[in-house]
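Residue numbers (numbering that gives the first Met the number 0): 0 to 306.
Careful, some of the hints might be misleading.
[Said to hold, decoys possible] For lysine-lysine, the following DSS-like pairs were computed, each having C-alpha atoms within a straight-line distance of at most 27 Å:
id, residue 1, residue 2
1, K234, K211
2, K6, K56
3, K234, K56
4, K286, K56
5, K6, K192
6, K234, K192
[As the list claims (entries may be wrong)] Here are the computed distance ranges between Cβ atoms for each label pair:
id, residue 1, residue 2, range
7, D57, F275, 30 to 40 Å
8, F106, I51, 49 to 59 Å
9, F55, R287, 20 to 30 Å
10, E83, M118, 26 to 36 Å
11, F275, S184, 30 to 40 Å
12, I47, G107, 44 to 54 Å
Simulated from the structure, these hints should not be mistaken for lab results.
These figures come from a predicted structure and were not determined experimentally.
Glycine residues also receive a C-beta, built at the ideal position from the N, C-alpha and C atoms.
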Amino acid sequence: MRRIILKQRPADAVTILFLLFLSVLTIIFYEDVPRAPFLISLYSILIISQVIIIRFKDRGRFIGLLYDLIFPIICVIVIFDSLEWLVHYVNPEDIDLILIRLDYVIFGNHPTVMLERIMNPLLTDILQLAYTSYYFLPVTLGIVLLRNNQREEFDRSLFLILFCFYLSYLGYILMPALGPRFTISHLQTTELKGLLIAEPIQRLLNRLEGIKRDAFPSAHTAIALIVLYLAYRFKRRLLWVFLPVVVALILSTVYCRYHYVVDIIAGFGLTFLTIFLGERYYGWWLKRGQYRFLTRGLSLPSKGEGK
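Take these sequences, add in the hints, and give me the full structure.
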């Protein structure tokens with residue numbers, strides 16, 4: 000089974016392996032996890048779906064789109080959502096107090112409180128919008144690479160992005176933390192208010208994300224930096240479009256009170272770990288001659304095609 004999984008595209012292999020890991024973890028803590036039967040069923044359905052999609056990935060453009068973009072997005076969202084029913088029951092010890100102390104030792108105050116000095120409604124709207132760009136940056140990069148028929152670059156990028164997501168999820172399980180908007184809100188002297196869009200976005204994200212204990216490490220930081228790294232390698236013009244957005248996004252994680260600064264530092268570390276381990280695995284996989292399917296799957300029409 001191990002050999003079969005490792006023969007697959009690395010993006011598919013890492014998804015299957017992580018789902019298997021979550022399934023085993025749920026089984027081990029079966030008595031402690033209230034929705035264990037549901038989670039095991041959910042992870043099993045995702046694994047089976049991944050296998051079926053791999054089997055039929057060459058059967059038309061929609062299946063190709065499902066294989067390359069739609070299903071990976073579904074996996075990232077569904078797995079993340081499932082952590083609400085898993086993390087606290089597997090590891091009930093939050094590390095917020097440690098993170099709060101580290102921030103205080105570094106800055107002599109709480110960074111979210113310090114940033115009240117520069118708060119204004121327009122800046123809050125801009126940074127809250129930048130925070131949400133995290134959901135679109137990886138998808139935008141993927142679509143651009145596919146439209147330009149950069150198949151090899153797309154597959155490598157998809158793997159590194161998924162690998163980074165799953166490593167961050169592992170971090171939430173090992174080191175759960177709620178984040179400053181929950182733990183030190185009583186220390187804030189000013190409410191975080193925007194002009195038009197900040198509050199609606201905050202309410203939407205609160206409803207969609209719930210309480211996941213997903214502060215450490217900052218996946219927003221890590222994924223954004225991975226996208227910058229990939230844009231630098233494969234689509235340099237896109238780098239200059241993404242760069243100001245990513246800078247604003249990283250600032251927004253603390254300004255909007257989602258993260259401690261040490262979460263951001265850990266996000267940088269997660270980026271380097273993803274690149275270090277991911278690039279080595281991908282290089283090993285290529286040397287084993289497993290890349291024969293690269294011409295298959297989805298390639299979106301490039302500019303000028305069909306005219």
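Quick one, are K234 and K56 close enough, alpha carbons at most 27 Å? holds, 26 Å
Assess, step by step, whether the Cα of K6 is no farther than 27 Å from the Cα of K192, and give holds or violated. violated, 50 Å
What's the verdict on K234 and K211, does the C-alpha distance respect the 27 Å limit or exceed it? violated, 33 Å
With 44 to 54 Å as the target window, see if I47 and G107 comply at their CB atoms. holds, 53 Å
S184 and F275 - C-beta distance against the hinted 30 to 40 Å: holds, 36 Å
Compare the distance between the alpha carbons of K234 and K192 with 27 Å, and conclude whether the hinted pair is satisfied. violated, 36 Å
With respect to the beta-carbon atoms only, verify the hint that F106 and I51 lie 49 to 59 Å apart. About 51 Å separates the Cβ atoms of F106 and I51, which means 49 to 59 Å holds.
Determine whether the Cβ-Cβ distance between D57 and F275 falls within the hinted range of 30 to 40 Å. holds, 33 Å
Starting from the hint 26 to 36 Å, judge whether the C-beta atoms of E83 and M118 obey it. holds, 30 Å
Do the alpha carbons of K286 and K56 lie within 27 Å of each other, as the hint requires? holds, 23 Å
Has the given pair, K6 with K56, been kept, meaning a C-alpha gap of at most 27 Å? holds, 15 Å
How does the Cβ-Cβ distance of F55 and R287 compare with 20 to 30 Å: does it lie in that range? Given about 24 Å between the Cβ atoms, the range holds.
Hint check: violations occur at hints 1, 5 and 6; the rest are consistent with the structure.
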